[in-house]
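**Student:** The residues making up each chain are set out below.
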Amino acid sequence: AQTVTQSQPEMSVQEAETVTLSCTYDTSENNYYLFWYKQPPSRQMILVIRQEAYKQQNATENRFSVNFQKAAKSFSLKISDSQLGDTAMYFCAFSDYGGSQGNLIFGKGTKLSVKP
Amino acid sequence: SQTIHQWPATLVQPVGSPLSLECTVEGTSNPNLYWYRQAAGRGLQLLFYSVGIGQISSEVPQNLSASRPQDRQFILSSKKLLLSDSGFYLCAWSYRGGKAFFGQGTRLTVV
Numbered sequence: 001a002q003t004v005t006q007s008q009p010e011m012s013v014q015e016a017e018t019v020t021l022s023c024t025y026d027t028s029e030n031n032y033y034l035f036w037y038k039q040p041p042s043r044q045m046i047l048v049i050r051q052e053a054y055k056q057q058n059a060t061e062n063r064f065s066v067n068f069q070k071a072a073k074s075f076s077l078k079i080s081d082s083q084l085g086d087t088a089m090y091f092c093a094f095s096d097y098g099g100s101q102g103n104l105i106f107g108k109g110t111k112l113s114v115k116p
Numbered sequence: 117s118q119t120i121h122q123w124p125a126t127l128v129q130p131v132g133s134p135l136s137l138e139c140t141v142e143g144t145s146n147p148n149l150y151w152y153r154q155a156a157g158r159g160l161q162l163l164f165y166s167v168g169i170g171q172i173s174s175e176v177p178q179n180l181s182a183s184r185p186q187d188r189q190f191i192l193s194s195k196k197l198l199l200s201d202s203g204f205y206l207c208a209w210s211y212r213g214g215k216a217f218f219g220q221g222t223r224l225t226v227v
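Sequence order for the protein chains is A and B.
The opening position of the first sequence corresponds to residue 1 in this note's numbering, with each subsequent residue numbered one higher.
The opening position of the second sequence corresponds to residue 117 in this note's numbering, with each subsequent residue numbered one higher.
Extracted from the complex, chain A is given alone in its bound form (with noise of 0.2 Å):
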């Protein structure tokens, strides 16, 4: 079974500055889906960014960035220039490719709090 885990609980950082927030999954797959979601205090899911298995490239979004470690099956999340915006739970998580499986599987989560 596919696992998941975020072995931060709680971060934070200062504003402008930047912060890494680690994932490492178990999976033998060779083709899978990683994302990042925030949860801010809505507890509204909103997805951060998508790396496809298959692509070397790593993933960017803007200020959000992630470093995809295939064969360490470790996928982090760099947030460049943090905002007091980006305080909020992320989620790490994980699906199979084409969900004919059905799975997407989370992480525990990582609460980041933003400091002025």
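Everything labelled a hint here was simulated from the structure, so no lab data went into it.
Here a beta-carbon is modelled for each residue, glycine too, at the ideal position from N, C-alpha and C.
One thing to keep in mind: the hints can contain errors.
[As the list claims (entries may be wrong)] Short derived list, chain A residues pointing at chain B, Cβ under 10 Å:
#	residue
1	Val4
2	Arg43
3	Leu104
4	Phe106
5	Gly107
Using the hints provided, position chain B relative to the given structure of chain A.
**Tutor:** Using the frame of chain A, we list chain B on its own:
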């Protein structure tokens, strides 16, 4: 455009009462559907998922059940609620394992 509706937003139920939470999706066909539970300040625990009508997979043994009577309808039920069923319930859908779209969530308090 695709949207997902989940209701009610808040629910307070006595122990031993039944439960029915409903989730409907618009703008897509044959989505994967999911029910998650989130304890306060914690991660998302996958409860059920469905890859098609009438196909339900359960991830954890519990006091809950799920049904998918129509392609874009996913229902979470219980015959008798327990105190431990309290939590925040999220419905989600995805297409072929891609980006997931989430409902607004239901905060369930069992008293």
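**Student:** So, against the hints stated earlier in the document, which numbers end up violated here?
**Tutor:** none
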